[in-house]
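Go by the hints and put chain B onto chain A.
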Amino acid sequence: MKVSLSWLKDFVDIDVDVETLADKLVGAGFEVEEIIDAGANMKNVVLGKIVELEKHPDADKLQICQIDVGGKELVQIVTGAQNVSKGDLVPVAMDNSLLPTGQEIKKGKLRGVPSNGMLCSGEELKLTESEYVGASVHGILIMNGEKYPLGTDMNVVLGNDDVVLDIGVTANRSDCNSVLGIAREVATVLNKTLKMPDVSFETDKSVKVSDIIDVDVEDKELCPRYMAAAVSDIKIQDSPEIIQKRLKSVGLRPINNIVDITNYVLIEIGQPMHAFDKNYIEGGKIIPRRAKNGEKIVALNEKEYVLDDTMLVICDVKKPCAIGGVMGGLNSGINDKTNTIIFESAKFLRDNIRRTSRKLNLHSDSSFRYERGIDFDSQRLGIMRALSLIYKYGFGKIADGLIDKLSQDLTRNKVETSVEEINGILGIEVPKDTVLNILNSLQIQSEIDKDGKLTCVCPAFRDDIENANDLAEEVIRLYGYDKVKSTLLKGGNQTLGGKNRQEKNIDVLKDICVYHGMSEILTYSFTTPKSFDILKLSQDDARRNCVKLLKPLGEDLSVMRTTLAYSMISTLASNCLKSNKKAKLFEIANVYLPQTSDMSQLPSEVNTLALGRYGEGEDFFTMKGIVEVILKKFGLNGEFKRADISYLHKGRSADIYVGKNLIGYLGEVHPEVAKSFDVSERMYIAELNVDMLNKLDDCSYEFVAISNYPPIERDIAVVVDESVLAGDLLACVRKGGGNLLVDAKIFDIYRNKEVLGENKKSVAISLVFRLAERTLTDEEVNAKINRILSKLSSEHNAVLR
Amino acid sequence: MKEKIAQLIEQAKQAVKQSHTLALINSVKVKYLGKSGELTQLLRGMKDLPPEERPLVGKYVNEARDVITQITEDKTKQLEQAEIDAKMLEESVDITLDGKAEERGSLHPCTLVTNEIVEIFTSLGFTLGEGPEIEFDKFCFQMLNIPPDHPARDMQDTFYITDDVLLRTHTSSMQARTMIKTQPPIRIVCPGKVYRPDDDATHSPMFQQVEGLVVDENVTLCDLKGLLETFAQRLFDKNTKVRFRPSFFPFTEPSVEVDVTCSVCHGKGCRICKGTGWIEILGAGVVNPKVLENCGIDSKKYKGLAFGMGIERTAMIKYGIPDMRILFENDVRFLKEFK
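Here the protein sequences come in this chain order: A and B. Numbering follows this note's numbering, with no gaps: position 370 of the first sequence is 370. Numbering follows this note's numbering, with no gaps: position 195 of the second sequence is 195.
Quick caveat, the hints were computed from the structure, so don't treat them as lab data. Given the structure is predicted, the values throughout are model-derived calculations rather than measurements. Among the hints, erroneous ones may be present.
[To be verified] Facing chain B, a subset of chain A residues (Cβ under 7 Å, in silico):
1. T170
2. R354
3. I425
4. I476
5. R477
6. K485
7. L488
8. V514
9. S525
10. M599
Here a beta-carbon is modelled for each residue, glycine too, at the ideal position from N, C-alpha and C.
Chain A extracted, bound-state conformation:
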């Protein structure tokens, strides 16, 4: 909300400087986002008149001007401009002046002739044509018959002599979206009396408003109050300068006297107003009603809108003339020939205006205020203020009487509480009298009865106040937040606090990753639907079923990811493309899996760990090693089965099972997928379901006595077909070894066609046997080895080498 200092001063006597005022407003909950002093960047530029003009003796293109700037002596200035003539009013930058462009002007000589300043162009004053007619002309800005005396500071001439505060008004304080509302707060913080706007006027008793117009509110829910007045014999003209200047200061463009008055009242009182040209209101009747489905209206912005029956329209007997609270219709707007107008000052249902405005994507200063809420007292104040301005400037004859269609009781919020309750919220002891003074200064009528009950009746414009907490906020923001002390939950109950096991497990997971050289990444939860194609997912792959945003920021961020693979691969790839020789990355984040197509059930959010590595020394087994460390930390034994995953290398990928649960996968990225990221480097990724790891978590520590008896170590080597997997061999060995076998490891794989034959390999396995309670005998171990060999032979056709 922009508000100018001079406008505020109409309603409150401000006797502090603007910085102090701003500080006080901030303290009371109004953030001053900017203090705009439009005149600060132009100094010592004044209005002057060219009284003499002659050619420069030594330069064809230069002219010597004698300028009257209101002083006793004329000022001589040499100019290169050709568009000036004797008698012109021009902006004059005097010696030691500053222009809005940042340029500083000092006196000097031009081709030997002294020049004591500079005549300015519109561009040099940073004026646009819409701000000042003629500003865009090439050459000196010729002023249009200004009524200011010569020598007047150009900031005054151009209306830059006011300071504008840009104030952030929070959503609960709709009453402060107006100069009057801010003035009310200023009066409170400065301890001054608020002066109300002048609403006096006289009517033309010979004409009754009811003779000109009738109002029939058809939808009383959407339009609980509709006030109307009529003004005839209007002459459409420019507004008085003060109105124009004030509208400009808050960023509104002056249009004509009638439209400007509606805008002026909107800014000053906060009540949106509308003016209809009576000529175009057919049947002499205004009917606020619901639009018909498909009904059309061309609004003042000259765009056509198709309406539906949730929206309020202001109609005559035949057609819609305005989209209620949002924008007037082009068909009934004010134009140069307008003679009689109808002022509208209404209250519309807050939420409905918001819905309509969003649906139509049509926003205006009116709709902004209606969406935030207009109180029931504003309609009368607004329409009276508009009429008083009409009367003051003599713009027309005001018909006698006001139409007021009110269909609701005017109620005031009433809160019953106690000073003790308010202080109980704040934690400090604000004295009773102080509480009463603060609340009453805010026009909240407050009194304490003999039992200590505090009864507060709120003014209409403070319908945000509903309970003791609201009152506590009013008290403390004016009493001062600096009076709040620090105490550490002194009245509270004791609680244990801390993370639970699952939460700690996540920390442990991250630690494992960090100690294995990996850096944590942070990527968006939304992704592009193209990612599914890039990952070569089949059309019926479940991961294509994803949550879609209704209005994404772009196609690339339009769906919620169902796998972390795409973001991990693309992050690896982007590092690769930045010539980073290696990258070891991880991320723990949710993937989002829809449960029902209509979202009646929320999608399941599965916490997932993604690992990704590339660079020298990386292969399938470095990744597998980390996965194994993680599984071990959760007390789990993983089983790795050859996987068929579209974006992974067929021969170098595995599904990871714990029992029957598929908990993830790992593998090398498919070369074609890598290529689609312009990467030829081999990249390795893994994805693990963290929620499932947490569910299966079987890690517990229990003391087991270590054996004092020596182990017996044996190595065996067996020849098997190339297709036999090491994991299967080891599983078979472990089965055969029983509880005597405490360790079995493959330590060598040997291939030699001549010695072993085609498609054969020799696998060397080291075995460790041990018992806790006694020393093993060779016979016992030999028996086990024979059992192992016979199992290997029967299950894998293995031959002892």
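Just chain B now, kept in the frame of chain A:
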């Protein structure tokens, strides 16, 4: 005889002195002390001596054996030591070469900040709260006193999935999730991802917040200040001061913005705090009793305190990161700055 023995000792001493290897010293040992060595020969020759001389000569010989044994052993030790030293010298390495452990990875700066915040609050009796990122409108807005079409909805643009389901715009949704299933006393912190349709140098469409909630008897605005002061002093430094400024959030009343003294200039004014000496880090307030009632908590008996802060913003302040987008670029060179 005595002279002969003395001579022998002298010869042995010479021989030991000239032995520069363990092999030579061994042969000296054999020559003088061995089974057929010089001293043994002398003992053997004792039988030819008159009996009265034998004890004396025996004594001489034994003394000579002790002396020669001592000097050969000393020499042996000396040579062994030299040999070990020589071997170690030969095996010496360039100790300035890199160590062999795998390089340590790093946590994301946002995780570092989250961990620190969570650690502070868990030590103050808080547990972690949770709730989904894809959330019903009810939990994200309505129960928090933001009904449909309420002007407060304009405070946060929202990514919708259906009319009723959205990406949560703040971690405050977890307040409602916690309160409907837990009775006081409640002390939770809820870190999590949140989403709003903004994308520029200081906004990301996805970012992280930490929400905090206390619901208990007899808690006040002063407790909120004390809690946040303790927090800020632990997160930044022990001299950090906290300031409340009035603000508005629909789910707290009174609502405040919380500033802390700038950790860089300690309140003097610098580039980080834009010369004000204060940095805004939190939004907070006393939970609006309407929210407690919406969540089934008796607002006559209990009061709530709530606060929320942005993780990315805090990380940017703490580590001096100028542009939020850097946090999402995931360049390993950047990530490794936080090892």
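Hint check:
no. : hint : result
1   : T170 : holds (3 Å)
2   : R354 : holds (5 Å)
3   : I425 : holds (6 Å)
4   : I476 : holds (6 Å)
5   : R477 : holds (4 Å)
6   : K485 : holds (5 Å)
7   : L488 : holds (4 Å)
8   : V514 : holds (4 Å)
9   : S525 : holds (6 Å)
10  : M599 : holds (5 Å)
In terms of the numbered hints stated before, the structure departs from none.
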